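The residues making up each chain are set out below.
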Amino acid sequence: MVMANGGSRERRLIWRVYREAMPVLLFTVLAELFAGAMLLALDVHFASMLGLFVLIPGLMQLRGNISTSLAQRLGSGTHLGTISWKQGLNEPLRANIKVAFYLVIIMSFLLAIGAFAVSMITQSLVPRSGLLLDLRHFLIIAMGTALLASAFQVTITVTVALLAHARGLDPDNITIPIVAAIGDIITIGCLLISITFAVTLLHPYLV
Amino acid sequence: MTVHTVRKILIESLPVLGIVLVFALIAGQFLDYTLEGLRIIFPLILLMVPAFIDITGDLAGVVGARVTSHLYTGELDASFRPYRLLFANLFAIILVSATAYAFLGICVIGITLWLSPIIGPIFPAWGFLWLFLAIIGAGVLATACTSMIGLFSARLVYRFGRDPDSVIPPLTTTVGDLLGIVFIALAIISIGNILGLI
Numbered sequence: 001m002v003m004a005n006g007g008s009r010e011r012r013l014i015w016r017v018y019r020e021a022m023p024v025l026l027f028t029v030l031a032e033l034f035a036g037a038m039l040l041a042l043d044v045h046f047a048s049m050l051g052l053f054v055l056i057p058g059l060m061q062l063r064g065n066i067s068t069s070l071a072q073r074l075g076s077g078t079h080l081g082t083i084s085w086k087q088g089l090n091e092p093l094r095a096n097i098k099v100a101f102y103l104v105i106i107m108s109f110l111l112a113i114g115a116f117a118v119s120m121i122t123q124s125l126v127p128r129s130g131l132l133l134d135l136r137h138f139l140i141i142a143m144g145t146a147l148l149a150s151a152f153q154v155t156i157t158v159t160v161a162l163l164a165h166a167r168g169l170d171p172d173n174i175t176i177p178i179v180a181a182i183g184d185i186i187t188i189g190c191l192l193i194s195i196t197f198a199v200t201l202l203h204p205y206l207v
Numbered sequence: 208m209t210v211h212t213v214r215k216i217l218i219e220s221l222p223v224l225g226i227v228l229v230f231a232l233i234a235g236q237f238l239d240y241t242l243e244g245l246r247i248i249f250p251l252i253l254l255m256v257p258a259f260i261d262i263t264g265d266l267a268g269v270v271g272a273r274v275t276s277h278l279y280t281g282e283l284d285a286s287f288r289p290y291r292l293l294f295a296n297l298f299a300i301i302l303v304s305a306t307a308y309a310f311l312g313i314c315v316i317g318i319t320l321w322l323s324p325i326i327g328p329i330f331p332a333w334g335f336l337w338l339f340l341a342i343i344g345a346g347v348l349a350t351a352c353t354s355m356i357g358l359f360s361a362r363l364v365y366r367f368g369r370d371p372d373s374v375i376p377p378l379t380t381t382v383g384d385l386l387g388i389v390f391i392a393l394a395i396i397s398i399g400n401i402l403g404l405i
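So the protein sequences, as listed, match chains R and V. Under the working numbering, think of the first position of the first sequence as 1, with each following residue one higher. Under the working numbering, think of the first position of the second sequence as 208, with each following residue one higher.
Just so you know, these hints were derived from the structure itself, not from any lab. Keep in mind that the hints are not guaranteed to be accurate.
To be verified - Residues from chain R shown here face chain V by an in silico Cβ test under 7 Å; the list is partial:
| no. | residue |
| --- | --- |
| 1 | A21 |
| 2 | E32 |
| 3 | L39 |
| 4 | L110 |
| 5 | L111 |
| 6 | L131 |
| 7 | L132 |
Claimed, not checked - Covered stretches of chain V (chain R as the covering partner; in silico rule of three or more C-beta atoms under 8 Å from a C-beta of chain R):
| no. | stretch |
| --- | --- |
| 8 | 231-241 |
| 9 | 368-381 |
Small disclaimer: the values here were computed from a predicted structure and weren't measured. We put the CB at the ideal spot given by N, CA and C, even for glycine.
Excised from the complex, chain R in its bound form (with noise of 0.2 Å):
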């Protein structure tokens, strides 16, 4: 008995698991495969450029975890009532800003000069044809894009947390899907204009 208690409530568990997380994450992989579609355009116009795409997973890693925690830090200082969308941008909103900011800032550099570290040793290891991206480019690519995400993301994050909250709803159950389903189209939209800015508009005064 106790262990048929025990299976049912075990059932249960699973069946609810599936129910709640099922509906977000449909949402979520018809907007990753958005995200997945601008990927491939931008494989089709820089495919021969070597080492463009160990920037990939690092520069969605970046969206991801800067801006979900500060999603769950406006989240948690809506809760406490230091920030609110009437006490406008006041101190602890301008903190979390600009925290956001320095670790875009930080991160993305640390990110360029180790994708350009990693690009050189496999190249002198492995040597492979094609356009050979510098340090210069590496750094205009990551942090152009970090930025550029950075700012459409955390403008969304912020207004999104404090009108949930002003509307009485709860941010931390909105404004973290919301933020993870539409950030790596951002991220990898910003991307594509920060390479062809690099590429196409910078390229001849980098050589």
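Based on these hints, arrange chain V on the given structure of chain R.
Structure of chain V alone, referenced to chain R:
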């Protein structure tokens, strides 16, 4: 006060983000070096990369968060007993991942067929069945492996008296990226072998 808050958040965030960066660079390097060969087998591989790695990281994160909540509410002890509850969570996530990867497989095959007048035929008709099975198989394996790493890390972190909530999300998303890219590459290579494309 504000300066202290900024500094505190920076000090807490930078070490974790530094580790994440190292894993992301390894994943990126793997993607960059295998992409050329993978494109020959399946030119639309990049279409599914963001969704594939996102599902893995998200679901492993859910297992980590759920198990941490069970630890704090006392439903699981420090040794993660009763195992029935632990395995129920793991099984639920594997079931969710199988459905999500099946949905991804259907979407990818649909888009590939839709684009075939432009890019030309990629596979013989039965090749799509292999693609569908490979996406589900690789995805479920990547999710299971990432979840197991997340669970072992949660147990280790909890035993050392630290909060798993601060460590598990960045760890699972990062390991999920790396394993997701490795497993998707292996899946495409296996299709290439089966169809005689490599």
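The hints, checked one at a time:
{"no.": "1", "hint": "A21", "result": "holds, 5 Å"}
{"no.": "2", "hint": "E32", "result": "holds, 4 Å"}
{"no.": "3", "hint": "L39", "result": "holds, 5 Å"}
{"no.": "4", "hint": "L110", "result": "holds, 6 Å"}
{"no.": "5", "hint": "L111", "result": "holds, 6 Å"}
{"no.": "6", "hint": "L131", "result": "violated, 13 Å"}
{"no.": "7", "hint": "L132", "result": "violated, 12 Å"}
{"no.": "8", "hint": "231-241", "result": "holds (count 8)"}
{"no.": "9", "hint": "368-381", "result": "holds (count 4)"}
This entry does not satisfy hints 6, 7, going by the numbered hints stated previously.
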